[in-house]
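Its first residue numbered 1, the sequence shown is counted upward by one per residue in full-length UniProt numbering.
One or more of the hints may lead you astray.
Derived lysine-lysine pairs resembling BS3-like cross-links, with alpha carbons at most 25 Å apart [to be verified]:
no., residue 1, residue 2
1, K99, K54
2, K92, K54
3, K51, K92
Calculated directly from the structure, the hints in this document are not laboratory data.
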Amino acid sequence: MSGLRSSQVAAAAGVNPQTLRYYERRGLLAEPDRTLGGHRLYPTETVTVLKVIKVAQRLGFTLDEIADLLDAGQHRHGRHPDAGLQVRAQAKLAEVEAKIVDLQVIAGTLRAAVDTGCDDLVECAGQPCCPIPFATIAPGAHDADPR
Numbered sequence: 001m002s003g004l005r006s007s008q009v010a011a012a013a014g015v016n017p018q019t020l021r022y023y024e025r026r027g028l029l030a031e032p033d034r035t036l037g038g039h040r041l042y043p044t045e046t047v048t049v050l051k052v053i054k055v056a057q058r059l060g061f062t063l064d065e066i067a068d069l070l071d072a073g074q075h076r077h078g079r080h081p082d083a084g085l086q087v088r089a090q091a092k093l094a095e096v097e098a099k100i101v102d103l104q105v106i107a108g109t110l111r112a113a114v115d116t117g118c119d120d121l122v123e124c125a126g127q128p129c130c131p132i133p134f135a136t137i138a139p140g141a142h143d144a145d146p147r
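Can you make the complete structure from the sequences, with help from the hints?
Shown next, in the form of structure tokens:
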């Protein structure tokens, strides 16, 4: 029997051995063969799969999305481009770009709060110069009786 033991795969991929077991339980890695002594023996390509998983995570894909991508890649063989990386990468890109827009708004609001000299959130919210978006809920903004 040939293959890599858990510690070898983990070291080569830059993960810990518990990650291998977790990914097996999640279905991201196939269950490896075992030696007569019960040690796991992974095929050498497992290192590549682990590196792909880690890169995909850094790109913002969840483990569920990565599992789908890995599954689509194994079963698709180029026949269904709508199920593969291209469409999913485009969707993830749109999601990331929307987050960037949100983060730019947040950064601008925080810069304005710093520039305004806001030191007390509640006090600032009551001032007309407050850049925090919820300034409209300050006392007096909704004085009408809700009943």
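Evaluated hints:
1. Among the hinted pairs, K99 with K54 is consistent with the structure: their alpha-carbon atoms are about 21 Å apart, no more than 25 Å.
2. Taking the CA atoms of K92 and K54, the gap is near 16 Å; set against the 25 Å cutoff, the hint holds.
3. For a cut-off of 25 Å, the pair hint linking K51 to K92 stands: about 19 Å separates their Cα positions.
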